[in-house]
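Student: Here is what each chain is made of, one letter per residue.
There are 2 protein chains.
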Amino acid sequence: MDAIDEAILAVRPAARQLGRTGDGLRRDLLLTLADRLLEAGDRILAANAEDLAAAQGLAPALVHRLGLDRAKLEELAKGVRTVAALKDPLGQVRVRRLLDDGLLLTRRTVPLGVLAVVFEARPDAVVQIGALALRSGNGLILKGGAEAARSTAILAGLLRATLAELGQDPAALVNLPDRTALDRLLALEHGADLIVARGSKAMVQSLQARSRVPVMGHAEGICHIYLDRSADPAMALHIVADAKLGHPAACNAVETLLVHREAAPLLPGLVAALPQIAWRGCPLAVAHTPGLPMAEATEQDWDTEYGAPVLSVKVVPDLDAALAHIARHGSGHTEAIVGADPAAAARFLEEVDAAGVYHNASTRFADGYRYGFGAEVGISTGRLHARGPVGLDGLVTTKDTLEGSGQSAADYGPQGRAFLHRDL
Amino acid sequence: MDAIDEAILAVRPAARQLGRTGDGLRRDLLLTLADRLLEAGDRILAANAEDLAAAQGLAPALVHRLGLDRAKLEELAKGVRTVAALKDPLGQVRVRRLLDDGLLLTRRTVPLGVLAVVFEARPDAVVQIGALALRSGNGLILKGGAEAARSTAILAGLLRATLAELGQDPAALVNLPDRTALDRLLALEHGADLIVARGSKAMVQSLQARSRVPVMGHAEGICHIYLDRSADPAMALHIVADAKLGHPAACNAVETLLVHREAAPLLPGLVAALPQIAWRGCPLAVAHTPGLPMAEATEQDWDTEYGAPVLSVKVVPDLDAALAHIARHGSGHTEAIVGADPAAAARFLEEVDAAGVYHNASTRFADGYRYGFGAEVGISTGRLHARGPVGLDGLVTTKDTLEGSGQSAADYGPQGRAFLHRDL
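Protein chains in written order, with our numbering: chain A, 715 to 1138; chain B, 715 to 1138.
Note that these hints are calculated values from the structure, not bench results. None of the values given here were measured: they were computed from a predicted structure. Be careful, since some hints might not be right.
To spell it out: a stretch of chain B is covered by chain A in this simulated footprint if at least three of its residues, at any positions, have a beta carbon under 8 Å from a beta carbon of chain A; those stretches are [claimed, not checked]:
(1) 880-893
(2) 1086-1099
Some, not all, of what chain A presents toward chain B, calculated at C-beta under 8 Å [said to hold, decoys possible]:
(3) Gly-960
(4) Tyr-1072
(5) Tyr-1085
(6) Ala-1123
Just so you know, even glycine gets a beta-carbon here, dropped at the ideal spot from N, CA and C.
Using the sequences and the accompanying hints, generate a full structural model.
Tutor: Structure representation (structure tokens):
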């Protein structure tokens, strides 16, 4: 076993100690981390500048994600303090039930164990996920992209130093230096309990193929906005502009606008007001926007996550058709209806099957910070364990304790005692 | 697409309708099912008798699991009524938070979607899992072993008839006729959301290897009982007898007894009182039981789930050694301490990392019925989604709705409005 294996396997016992500490200590860890993050600002930005200098020539979007500045650090510190202030995710009682007198069942939340996070350019993931992992008493294994190596190393070092400062074993957090180390993690049977992949779809799929433990991928997002015939034009413009242009590469950006045919007269105004968008419409959408830049959409457009300021538009005969389109083409991420009609909104909220279903709000709200989770591990479009933005709740599991006074199972049954099953 | 594909793909839309029904209807479904189960008793037992007749020559344990009788049917009906009486698992509000005035986030439980259950001989799984699936508004795809074909068919037909009787689409439940149909399910991308495998380890592993969706295997159980030096001899005997002999093939049966060296004098009494057990001991255990049937254990014994009335025994110097043995050899299922010392019990309950950790109670209590869940889908030793006996709580996911009044995400931030994040 080499040094990397040893470091990986040392995370779990160290994390167990952390998981047994009280709410106060884990809160203090985060408050201290927020302070140290700002105090070390110059050093962090200097390391980040080196990463940025080395990254010239890489894709501009990647370079953009890589960059930190003073405002971002302050935002990160604020997020860490928000996570510190959240209710302790550990020791929450889910079941407390007397199976019989003197036989007490308690189901409580405990840390998931060891979390591994694999990310590409974004060094802020270190702080966000680090805060969530430590607050919930989990160990953390980090593997950042080579382009973020210096930023990641300094931030991971800060997390480890904060652990040590508060008397905790810094071995609970490991920063893997390279791909070989990641391969070692993937090969170990008890390395991590969950791998969070924040990066391209190809990266997520590669990890899923190689990992023995579940991989939570930062989700694919084919999000829709449906403009009902009762939609207010100004509200439609405000929401569509935000959902498409706020951050086109984000998974919560909108990709397709579905427009009730009676709302189609809103299209020329929208297209004219948002020339930054490359529009692609169905034949009816094209017909409603004469003289305006509306390319013809193909069938493939309805299944495409552009990650860019491109928006496809489909005019639909009614709400049913919109629901059917979403059921067929949506990725189960976030879907929104804009309209004043409460009956249409109620049906949409009820019938659309997605992690998030919105009425009169931008799809861009699908985010752990905005939901008040302080930060997020990622957004899950899966249905198991966690769905939607994943915060502290997604980093715990449960443990049942049963405190008896000598009972055997055979004491109960048709010929024996009956269970009480009384919730306390 | 053939008829099987169509039947499988019809489950989801039918289940969606079921998932939108109220608590009352889903409760009535189960109460009606319990009645019909008893009314159809003769037909069910006749079909089961045919299965049993055809199964002669198969392994006795399998034939035993296959058999139904009037008492078992009454127990099953009682379990169905218990599940009916449980609190509605759907529509439970997990988060209700004003992100801002006029911007309300609600996270509610919704059905998981479509559950598939693959089981070997046990036809009672049809009723138990059927009750849990319908109560939680999920669709259900069943695949029973060929040896249980007649029993499974009649029970699945009863479930479908009950759905139809209460005005629900019976397409929400499908009974797959053969392995080819199961292969079709595994090949479909949106067939099931979760596969529950109840059968041999080989069967579980084969499904896990072939499935695109998560497979929850009925867990491997290497459970320990630790007799502390403070253990009461009569209690130790009562609990060990139940945990080993109550149902040796069950995953919650004990496989290894760890004995504090000061409690080793209890061993002769235990061994003498339980001659049905084939004992295998460490050298110290053998030394403590002169003239009694105690074979020598090998290293492999500590990692073996016997599924039979065999029990390995290890004498340990102290509680720390017992904790270390469990950490190394336990399967994370259920672990118990027997002893009067509250400090030892507290450490054991705190430090053992398993789905269930017990004090002065038999490991056999690890079971959905006994926990008051009415029935169980299985017992999970995984840490994600569900851990321990899995009941209704394991068959739901969440959906977030956001009800706004025209907000865009860009309205908030350093230059805009601040989030309220006020829980209601």
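Student: Each hint needs a verdict: does it hold in this structure or not?
Tutor: Hint check results:
1. 880-893: Result for this restraint: violated, n = 0.
2. 1086-1099: Held - the stretch 1086-1099 of chain B has 4 residues with a Cβ nearer than 8 Å to chain A, which meets the minimum of three.
3. Gly-960: holds (5 Å)
4. Tyr-1072: holds (4 Å)
5. Tyr-1085: holds (6 Å)
6. Ala-1123: Status holds, d = 4 Å.
The structure fails hint 1 only (numbered hints given earlier).
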